[in-house]
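A.B. asks: Make the full structure from the sequences, and use the hints.
Sequence lines, in order, name chains C and L. With the first letter of the first sequence counted as 1, position 56 gets the number 50 in my numbering; the numbers rise by one all the way through. Count along the second sequence starting at 1, add 48, and that's the number in my numbering.
These are calculated hints, taken from the structure and not from any lab test. What you are looking at is a predicted structure, and each value in this text was computed from that prediction instead of being measured. Do not rely on the hints blindly, as some may be mistaken.
Claimed, not checked - In silico negatives: residues of chain L with every beta carbon more than 10 angstroms from chain C:
(1) Lys59
(2) Gly71
(3) Gln76
(4) Arg82
(5) Ile85
(6) His124
(7) Arg138
(8) Trp227
(9) Leu232
(10) Glu267
(11) Ser268
(12) Val269
(13) Pro271
(14) Val332
(15) Glu371
Said to hold, decoys possible - Among the chain L residues that face chain C by a calculated CB cut under 8 angstroms, a handful are:
(16) Gly174
(17) His178
(18) Leu197
(19) Ser200
(20) Gln249
Positions of the beta carbon are idealized from the N, C-alpha and C atoms, including for glycine.
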Amino acid sequence: MKMHEIRELIRLVDESKIEEFELENDGTKVLIKKAIAGAKEVSIMPLAPEASPAPAAPTHAPSSVEVPVEEPVKKVEEPVKEEVDSDASLHKIVSPMVGTFYRSPSPDSDPYANSGDRVDEKSVVCIVEAMKLMNEIEAEVRGEIVKVLAENGQLVEYGQPLFLVKVD
Amino acid sequence: MGKNLREPLLKLLIEQKEGYISGEEISQRLICSRTAIWKHINELRSEGYQIEAKPKAGYRLVYRPDRVAPEELIPHLSTTSIGRAVRYQRSVPSTQSLAHEWAKEGAQEGSLYLTEEQTAGRGRMGRIWHSPTHSGIWMSLILRPPIPLNQSPQLTLLTSVAITRALRKQTNLPIQIKWPNDLLIHGKKVCGILTELRGEQDQVHYVVQGIGINVNATESVWPEELRPIATSLAIEGGRTFSRPELIGAICGELETLYDGYLSYGFTPIRILWEEYAGMLGQEVTARTGQGSVKGIAKGLAETGALLLETHTGVQTIFSSDIEW
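C.D. replies: Listed below in structure tokens is the structure:
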């Protein structure tokens, strides 16, 4: 582990609510403890041959991870946005994350859902992929697909409408 | 007793090494009848174990087949959740599809589907994953992470780091990660990870991670077109490796990093990932549905996205195939 990485670790721990932080990496163990007054203790030691157990979990939630919606590679246009907003009676299936929108499980297979198709809560309607995680999006409602709002292979934003569904 | 007898019985036989262990001793140590022992000896034989039975002396293990069955894996497990529930079949179409079904039935966190061979192993977007019998690790892991859904792509990086650490320790081979989660040795692919998620808008129901590692494969088991781009631990290391031992090591690293991630967030994973990524500081090409971008790979954003320095500034890549 490099010095600048250790420095960065200390800074991140310092800025967080974490009181104690332990990291094992290639035979090096880093332990950072905050004193009540705010002082820090950093110890770096070679590891014992046997693997040490996982660090104990503190009770607070993983609040330190923040996922801002960042600017994607290319800004995607939303040509039907106004139309979407104007028809409030239709249900919008929106993207739960930034990623690539895929309409079918593979390039040569049929789309999961076309306009006019019936779907129920558990029907998979598309995949949104980010960092090679394939998120199979379910309709979450029962009804009929009225419009497909994104193109296959298009980069979509968090919260971007993907389908309009006429709910039963 | 039933199935639970097989693992301690095999352990006793392995412990004897070259020697015999009497039926009476087994029966005392495992608290079971001689008939039950005989039944389980025959079951092990049908799985390919050669066990000699000699009057007055007892049983002796002569040959142990190369398998990733639970009774071979459990002695190498040091975890409390990852790999503690195992389903195993000698041959399956796809562990990934079976793990999805298992997850829908309510499989617990850390459940692992294992096999010797996949006849319809799959990668992303309907691609085929070649999984010739006994030559690699073909498994699917079920996770139920209590994290917001939009953080879940970080799991692909986490698992790539865990497997890299386990394989580096076990093999000493110079394994590197290509963003986000391909494992390479000297530029050739040795491990692929397929992560699939089912959830609602902001909540993860479950994640299935398919992990394919070429362990003891020789080039001859692959189709011609894979040979220039694929490699195995055995090809690179010049020797074979015990698959159950590797799986045990991977489960251990996964559990440590996963617990750490849930407690402390992504930063420790990001720092480790950057250490194992051979591509940082080098020029790479990111191909997306909308064309390709060239730039210098700088590192990871706190989301796990790739930071690419291009002539127009630093771009954040969420979804792309990287050529390096």
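A.B. asks: When the hints from earlier in the document are held up against this structure, which numbers fail?
C.D. replies: Hints 8, 17 are the ones this structure does not satisfy, whereas the remaining hints hold.
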